[in-house]
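Use the sequences and the hints to build the structure in full.
Now for the letters of each chain:
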Amino acid sequence: MRDIFEEQESDDESPDRTADARADGGVTRPGRETASGLERVTNALDERFGEDFVESSPFWFPAFLLMALFVYGAIFWNLLISLTDYEGFLNDPNYSNLDFEMYVRAFNDPNVINASVNTLILVIGFTLATLVIGLLLAILIDRGIRFENTFRTIYLLPMSLSFVVTAQFWLWMYNYNNGVINIVLGVVGLGPIDWLGNQSIVLWAVILALMWQFSGYAMVVYLAGLRAIPDDNYEAAMVDGASTVKMYWRVIIPQLKGATISASVVLMVFALKAFDFLYALVSGYRPPAGTDILATLMVREAYQNTNWAYGSAIAIILFAMALLIIGPYLIYQFRRDNL
Amino acid sequence: MSEHDSKDETTDEPTEPTRNASSSSGPSDRIDIPRVGLYAVLLGLVAFYLAPIEAGLVTSLKTRTGVIETLPFAPPFFGEFTASSWASAFDTLARGLLNSALYAVPATVISALIGSVAAYGLTQANWKRRYKAFFLALFVAGIFIPYQAVLVPVTRFWSNYAQIEGLLLPLWLLGVDRDYTALVELMITSIAYGIPICTILFRSYYKNMNGEMIEAARLDGASLRRVYRRIVLPLSMPMFAVVLIYQFTQIWNDLLFALVLVQSTSSQAAPAVLILSGLGVSQEGMNFSLQMAGALLTALPTIAVYVMFSEEFSEGIAT
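Order-wise, the sequence lines are chains A and B.
Under the working numbering, the first sequence has 326 at position 326, and the numbering climbs by one with no breaks.
Counting from 1 along the second sequence, just add 1000 to a position and that's the residue number in the working numbering.
No false leads were slipped in.
Computed cross-link-like contacts, SDA-like style, restricted to lysine to any residue with a CA-CA straight-line distance of at most 20 Å:
#1 B/Lys1128 to A/Gly50
#2 B/Lys1128 to A/Glu51
#3 B/Lys1128 to A/Pro58
#4 B/Lys1207 to A/Asp52
#5 A/Lys246 to B/Leu1038
#6 B/Lys1207 to A/Phe334
#7 B/Lys1207 to A/Gly258
Cβ pair distances, simulated, as ranges:
#8 B/Tyr1039 to A/Val239: 20 to 30 Å
#9 A/Leu120 to B/Pro1238: 38 to 48 Å
#10 A/Gly88 to B/Phe1077: 50 to 60 Å
#11 B/Gly1044 to A/Ala228: 24 to 34 Å
#12 A/Gln255 to B/Thr1065: 48 to 58 Å
I should point out that these hints are in silico values taken from the structure, not numbers from a laboratory.
Heads up, the beta-carbon is just placed ideally off N, CA and C, and yes, glycines get one too.
See below:
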């Protein structure tokens, strides 16, 4: 990379020359073919990738390199570790003996299967619930109400909180004896329900709490989508005599496809990361029974049981799930010229 | 928003013929049932979104018996008021709040700067779209990576390959606790994983920027660096507000990296969320009053930032 940096420097030191060349209306750098080998290389690169490729690389390449090492390099390294038998505190991974033992173990481990099922329920349940509530909020807010900004600010407020803070609040909300939820249910003669102790409902309780935190996000995305729809679409539907519900269902919601796709990708990925919330619920690596997801299982295996290789293998399974969501999204964005 | 308000006002005007003819609802100042219902639903939702925070606030101000004996959302009116939970939460968390600020603020600023520069090189500079798209795709995917997939390597990297404790010798000589090595690691890690989202946020802003001035400057022979310094950077200030706010909230709120890099809540360098995650749990059961006070205290900086800049915040997450 040193070469490219030097090229950038020399470019800056001779702005006049470039200026002359540019003032002629030339788009590339004329009169440089006779230059040194280094310049020939940069010219060739520019030819291949576009005129500003070399000059722009000092801007984006360092960031790219740092990210590439920390994100993609680390994922590759993680993959390598998952193929070893690395465990314990003092050892180092032995990279000379790679096999898929950890993956075989994972696919036969009832904990992994259970956590995968919970992950799927959490991702799908949370995403759908949050999208529906977010859309509802957006439509209500878009009805030309007063104090619109105040309502929007309140609905979005939980989004600024940490998962850890949310977990503390909802721990209290779900408290068996004194929690708000059970007291409100008690008024209508229901409950009390042991929200966090009952294995069959605890995951839904977690989904409700996360929905509380993120529905404001879905609202903001949908609101931007609604505002982009021209007013005459509403008016045309009204002239046709459609009811408000029908108008939204037939005319407006189908136009929110883009907003739905980007919101669901973000929400699904948030759900895959729900580790912070579950950790803070119990202040420990083992979340309430019935809520163990791959994210918590991975951290527990690696950092509590020091089964580093096994934890890495679970992480790769989680990563593959994320890839199944991100991959199609990237292709979709590329096709729509957003990349 | 103002755009929408004005639309509403025109609906209010009875002289607006087309809108009134087409919509059955009258002026919104008159009381009509659907309108009342709409506001009732909106207020009900306000109750839902504020309830956990309100319950947390009143509980944090109650004595232990008050917490058990009064309704969770009732204010502490009847002698069960106490500020002792806040005092002890502050005692426990003060160090954490300082630590969080120590790494979150520099990490936010640095990742925003790097993101801006990188987005400029990937957006305003002229090179072929399909190659740009390849790099951009890598940045976008970088946003969505579950951090579990890099956790073990990051831990090993800092503990075995990049031992920066020696490099920070001047700090230790000044009497800084050696635990703060972890905070520096946390800061660099946060910067690295913050770069993708910062880059993409700036990129969406630069893509919609009016290119004429930049084009003209480029034709006049200004280098990319000069265009950035003189034109793009000054015009990016609104987006810097958005990115800084978003990124600060993200870094301040993140638990996972703090947990694996700092490890212990008793460490001198423990950030606020890490201390909070273990707060209030003791042998005698949970002290909800303390937990709520701690949660609110930890959330205070991000809530303050949010309330002051809610416009920028929602722009940040919507992009």
